[in-house]
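**Student:** One-letter residues, chain by chain:
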Amino acid sequence: MNFISGTYPYFRKYTLGWITAQLLGWISVICFTLLPQIPQLVVDRVLNPALGNPAAVDDKNVFSGFLARYSADDYGSMLLTLCSIMGVLILTRYLCHYVRWNLEHTIGVYGEKRLRTAVYAKMLDQNSMVMSRYTNGDLMSICNSDPNAIKDFYTHTLQFGIEQTFALAIAIYFLARINPYLLILPIVLSAVMGVAMVFYSRALRRCYNNIREASVNLNSCVQENINGVRIVRSYAAEDIEVKKFDVRNKAYKDNFIAQARVLARYGILFGAISQAIMLGSTVIGAVLAMNGQMTVGQFITFGTYVYAVGFPIRLMVDLAGAAQNTAVCAHRVLTFLNTSNIIADPPKPGEIPAKPDLSLRNVSIAIDEDGVLKNVSVEIPYGKKLGIMGKTGAGKTVLVKALCRLFETTVGETCVNGVNIKNYRVEDVRRLFGYVMQDVFLFSNTVDANIAFYDPDGDRERVKFCAAVADAHDFIERMPQGYETVIGERGLGLSGGQKQRVSIARALYKDAPVILLDDCTSALDLATERKVLRAIDEHFGDRTLVITSHRASSVIACDEILFLDGGEIAERGTHSELMAQKGRYHDVFISQEAAMREALV
Amino acid sequence: MARNRYFEDEALTYEFSASSIKKALRYALPHRKTLITIIVLMLIFSFLALVPPVINRYIIDYVIRTKDGVWGFAAVQTLIMLLTAMGCIFAADIIFASFRTLFMAKVGHSIVHDIRRDAFVHLQKLGFDYYDSRPAGKILVRLTNYIDELAGVFSSVIVNLIVEGSKVILILVWLFVLEWRLALVVMIAVIPMSFLIAVLRKHLTRRFRLTRNKVSNRTAYIAESIQGAPITKAFNRAKLNTEIYGELCDKSNRAFIHAIRLNELFFPTLDGFFYLGLMMVYGAALFFSASAAGLSLTLGGIIAFISYMGMFSAPLNSITATLQQLTSATSNLERVFEVVETPPSVFDKPDAYPLPPIDGHIVYQNVTFAYEKGTPVLQDFNLDIPAGKMIALVGPTGGGKTTVVNLITRFYDPQAGRVLIDGHDVSGVSLFSLRGQIGVMMQDSFIFAGTILDNIRYARPDATEAECIAAAKSVFADAFIERLPNGYRTVTAEGGQGLSSGEKQLLSLARVVLVNPKILILDEATSSVDTATEELVKNALDVILKGRTSFVIAHRLSTIKKADCILFIKDKGIAEAGTHEALMAKKGLYYNLVTNE
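Each protein sequence line maps, in turn, to chains A and B. Counting along the first sequence from 1, when you hit position 6 you're at 4 in my numbering, and nothing is skipped either side. Counting along the second sequence from 1, when you hit position 404 you're at 406 in my numbering, and nothing is skipped either side.
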């Protein structure tokens, strides 16, 4: 249960609420324990005498005092009194029950919300290296179902556990009041049960771990199938997908059945123990009664209380199981929350300049010991246009990500105005960049909301202006609801080129001093690309621009062009310098030019 | 098409009814033997549960009180005998309970397994329009969380309703046998309770349905947030997104609490009426005992009557709990069945036949198609492509190029007109045989979690490693794959994390080449491949395209030029058509496009 220290802080705010709920639960238990006292009086003092038998007076009964003022044959009044007491008891119980559970569920879900938002915020804050260790299914489970399981622990498992311990104590008290010997069996067997519970918990935890893993696998499979629907359909691979799914679906089921097997096996053991308590107590009780150490009435009541001892013990087994499940979920959530690999803000963050001069100094970045960027240095004073070319996988994207601290440098440093970016707040650094990523991701929302992503309450005219610069305004206007058209997740319903233009507009809208275009014009035809780049130059000409591309024509106008190969700068210079070098850039340019010229012939 | 967003509740297009209960029960049918066995055994054991009180009575009467023993046995022997009997019943009960746990889990999870499978299989039949119209998270949650919550409910609902239901009836009959007047009094309490429960249930169903919707919105938002996390980071939106998420949590919490307010009334209603009944029985017993008619029961009889009435409340309790579970489960089932019942927009006709091996002669006849009603993307589109020709599609983005090729594979069906392959109307053949003969490479190259090899042989899992490597080599993907830590056995994450866009495209190209289709569609297939590689790929394409009918959508002239026919798609149709030379000579739209470059 060591997960409590990690998860309770999210629910701590409601401690008073939990205590109130628990106290209400205790009142409810007390009412419930007192209720059986009434029928005894009804039988002994009302019904039995009314049927012509002698009344039995038992002073030990909690409520006998209430009947003292009535004459022995005033059955009607006595019954009315007893029924009133019963009414008060049950109404109190219901009131407590109702208030308690409403309270518990309410503070439960609000505590869960605190945990949820913390996990969610962490997910958005988490270093991309850490994120890549998790599959989408994992993350889904950590963000969505695990917090729910943790809430259930606090609202259900823990609350019931405490309440039933209290109920157990009361039952033991009543049992001991009859005869202390009656306690021997429950105590001895409970100890046996405690030992068995350790093994049980261990076995169950293994089951929950397996179930969780199977569940993540299944969820990932389904999620992938949904996200990859276009590929699945185009390859007519539905049967393959179903086969893949079947394996995971079956594994999921089998793990649950394996768990049921554990439950069933230990069920026999725990059942045997709790029934042994009942049976053994009957033996002891009967022997005591035969020897005259206990009355018949006491023998009957004692049966009730033996049952009252057995019930909480049985329930504890279920609760122990539930706690194991929570432990598994909480472990994952806490691991995720406590991964320290996160970018922490410096104690005294520097003031970020409005017009930053960027530089990479001897930067190397390694992923899984694979160098993807090797000893790269480049100066990007404010307003410079930098072009980056290179083969697929040459390290273009990594370089761009190192600039805005989406990747941490392994060696060397990224600087803003000569100061290492680690000395600024991450948020401030990221504010500098209008970044258009290679992989277009649009949210399922209106075009307007997608472009105004950075500042949803911003100027609407600016949305249109940025769309126009990105050459997206015209096609957006042509859509059925214009800017209010809802586009699907990942921009479903838009063509590749349209998606790229919307994502360029989104970055421009951010109005950042540095614009990063990471191979984001690949789906545009040359004419459109040129139009977009020209418009950016016209309206955002003073900004720093970093553009990566496969097309020499995209970077031709840049102040400096880097040609990357295997993570290293193979060539650098202006277009004319590189052409004069007659190196790789020259070859690429010539072949692309030739292709174009050829086309014109 | 109206698209659903994370913060919008989805309208329920499927209403739970008697027929859907029947449908739900069908899933239990294969397990009827197990279920019936469990039900019969449970009934037997619930009657055995009536025995221990009798044994107790014998112990009290013949062992403790009179110490005479019974049936000629001494007191101690009687005690041993009675306790042995009780022990046997207990032991049988424990063993049975354990088996029940196991078999109920087996049945429950098998049913859930089957429902999930049906939903998944059906999902494979649904067209893109279904996926386009809602966030992926909302589809996901139906196949995972919603169905998960059904486990246990299903089998226990059937068993509980039958077993507890018959218990209630038996006890009721028994109460009437014991003393019909008291039983009538009990009925006076039971009838209004049943009415109240019914009303509660009705309102509760609505409230749980609302909760379901809000939870679904929240889940969709999480799913999208996970995928869009890099964007959110780069745009410093974490704080705002967390606020939005918090609001979605609040909304689902409020809906849940709203439902809980009613839900927690179940127990007091049920339990309260038991005590009301109890008080009324006391009063009635007192009244009848004083009346002239007298009471037919002795004191022991009254106590027995009350204890049987107590037993009456236990099964009622469990029926209520089951109904409560069922109320919440139906709103899940509604959503799940909604998936299963959604008619696919593109499907095999009943008389669909497998498309025989094709040559690749494609004809469009008067095709009209619109994604959204009223705004056709193609109108009265006609085209005839002889087998083995290469067609290039050019034109403004969003002009309908992708739409033209989407109709061949039947990703969508046209509203009017037909598309024919070798004279077969594509809408008349089976989808599997159609798509199996067409290779498509899309703008988004989706990479599955698994090894590089798995990804290449995605559509042909039986392909040998050598075939896969040959395919990769033919598109020059070999070079970058060999550079990966474990070569072809390198595991890629879902979505191809760690691979660049160009690498993903090469991988997809290898995937399509391996299938060796007669018709090949390359939709921006090489847009992110660097020029050096594309040069190689281009050469490869010359080989790959030979002997196949192909559609190429590309922006690079070098690719387009080689086409047998270039179509300029604009304004719902073909604006220009012809070879590169012919179109250049024409000095029209195509000429402008090219010379602009």
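No wet-lab data here; the hints were simulated from the structure. You may find that some hints are simply not true.
Derived pair list, reagent style PhoX-like, types lysine-lysine, alpha-carbon separation capped at 25 Å [claimed, not checked]:
1. B:K572 / A:K529
2. A:K120 / B:K241
3. A:K11 / A:K111
4. B:K127 / A:K242
5. A:K529 / B:K241
6. A:K248 / B:K574
On a predicted model such as this, the values are computed, not experimentally measured, just so you know.
**Student:** Is K127 (chain B) close enough to K242 (chain A), meaning Cα to Cα at most 25 Å?
**Tutor:** Answer holds: K127 (chain B) to K242 (chain A) is near 16 Å, not above 25 Å.
**Student:** Assess, step by step, whether the Cα of K529 (chain A) is no farther than 25 Å from the Cα of K241 (chain B), and give holds or violated.
**Tutor:** violated (35 Å)
**Student:** Under the criterion that the straight-line Cα-Cα distance not exceed 25 Å, is the pair K248 (chain A), K574 (chain B) satisfied?
**Tutor:** With a Cα-Cα distance of about 48 Å, the restraint between K248 (chain A) and K574 (chain B) is violated, given a limit of 25 Å.
**Student:** For a C-alpha distance cap of 25 Å, please report whether K572 (chain B) and K529 (chain A) respect it.
**Tutor:** holds (19 Å)
**Student:** With a cut-off of 25 Å on the C-alpha distance, tell me whether K11 (chain A) and K111 (chain A) pass.
**Tutor:** holds (12 Å)
**Student:** For a C-alpha distance cap of 25 Å, please report whether K120 (chain A) and K241 (chain B) respect it.
**Tutor:** It holds: about 11 Å lies between the C-alpha atoms, which stays within 25 Å.
Going down the numbered hints, you'll see the structure goes against 5 and 6, while the others check out.
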